[in-house]
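S.K.: With chain A fixed as given, assemble chain B onto it according to the hints.
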Amino acid sequence: MTNQGTQQKQTAETLSHMACAHCDLIQKLPAMQVGEVARCIRCNNVLYRKQKNSLNRALAFAITGLILFVISNLFPLLSLKAMGLTQEGTLLSTSISLFQAERPFLSLIILLTTIIFPLTTLLGTIYVLMQVKTNRINRYTAPLFRFLRSTDAWGMLEIFMLAILVAVVKLGDLADVIFGISLYAFCLLILSLSFLSYSLNPHDVWNRLRDIKGCQI
Amino acid sequence: MSHSTQLSTARMQGLVACQFCHTLSRIPEEIQNINREEDTSNKTNNVELHCPCCQSVIHSRIPDSLNKTWALLIAAIILYIPANTLPIMTVILWGNGQPDTILSGVIHLMDAGMWPLALLIFIASIFIPILKLLILIGLMISVQLKSRWKPRDRTILYRITEFIGRWSMVDVFVIGILVTLVQFGNTAMVTPGLGALSFASVVILTMFAAHTFDPRLIWDVIDEHTDKNRNNNED
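Top to bottom, those sequences are chains A and B.
If you read the first sequence in the numbering used here, its first letter stands for residue 44, the second for the next number, and so on.
If you read the second sequence in the numbering used here, its first letter stands for residue 1088, the second for the next number, and so on.
Isolated chain A, as found in the complex (with noise of 0.2 Å):
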């Protein structure tokens, strides 16, 4: 009770005003249970979602994904077996094979969205909650998640896995489509990602930086 209480004292001094995102209207935030969301009654934006344990479950959640990813990476996702000849293809693969078909800005379009910015967003996610949780944040920490926020629609393995899906299915009339190793872990990394995104609530954490060091508005 009284650890609740503070931290919801926090928040109340912390965040009492907010203007919203979309339409800049200033509005006060009630008081609020969890899994209640504060919307902007003018524009209807999410001004603030109340969540339980955030922090933790998030920090949970992109360390599964990091091992996941490594997995995803270790082993082929998927194999074409025709004529005798198998051909496999992981997630790096997939820019390395357009660089070598001399499509060099398409590869690195692929590569961003489908390693660099997910495992920056693994990496950073977790160094910052690491930082947060510890009360250890240097003047790396706002920067780098200022980062990570903004990148955040950049990683897009979840649009990834459709397109393995939709290759499965035109696929699947000319030859043997083999599901290699990788995909489960795939499968699982898409879903720890949006646990991830769901359960993380930046609020939270600007709240934490903020308490740390003390910002007064």
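None of these hints come from the bench; they were simulated from the model.
The structure presented is a predicted model; accordingly, all values stated were derived computationally and were not measured.
Worth double-checking, as some hints may not be accurate.
Think about it this way: if two alpha-carbon atoms lie no more than 27 Å apart in a straight line, the pair counts; the simulated DSSO-like pairs of lysine-lysine are [as the list claims (entries may be wrong)]:
1. A:K71 with B:K1315
2. A:K93 with A:K256
3. A:K95 with A:K176
4. B:K1155 with A:K71
5. B:K1315 with B:K1233
6. A:K256 with A:K71
M.R.: Chain B alone, transformed into the frame defined by chain A:
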């Protein structure tokens, strides 16, 4: 009329909200005055304000939002032409190459009886990009004409474009996977076409365009109007 009962924006109160940590900070007086005299949002941009909590650069409205968004949108519209006319990939079977554009790819899937797949690719590669371009152009024009038509609905439209835009990348990834897997020399091979790069660029440019568009501009027109009415009533 007491001030607290009225709807009030951060800008009206001389505040700026940080886009990341949502901390409200006060705009220094001198910058507010410059802004009022010249009545252009460009002036404030010369002085960079930093959020006291997370040190990010803060601005009341995204600087040059309309110009940047138009530039990105026009680039996207231009690239949309090669994205649809150039082949996105060439399927080589037994030495015969068959180039496919986005539309012919969908038609081939329909001919092969793969209706759900054809529908999915049609939505992701044709419907969503066109819808997104049209919505963004519509929003831009409505802001420039200072329209007061259904601001809430327009903001919701903006949120939809922001959310669905990235799913158009699915076709680009499919091409990547096919190029990787179908590599059996002259008997069966898939090579990526220039159309794929153009299409990926369209998706990325429209994502950036949605990002540089500031939905608060939709509401500024409404706020200015109510402000004017209020002043008239008081007189």
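S.K.: For this structure, which hints from the list above don't hold up?
M.R.: 4
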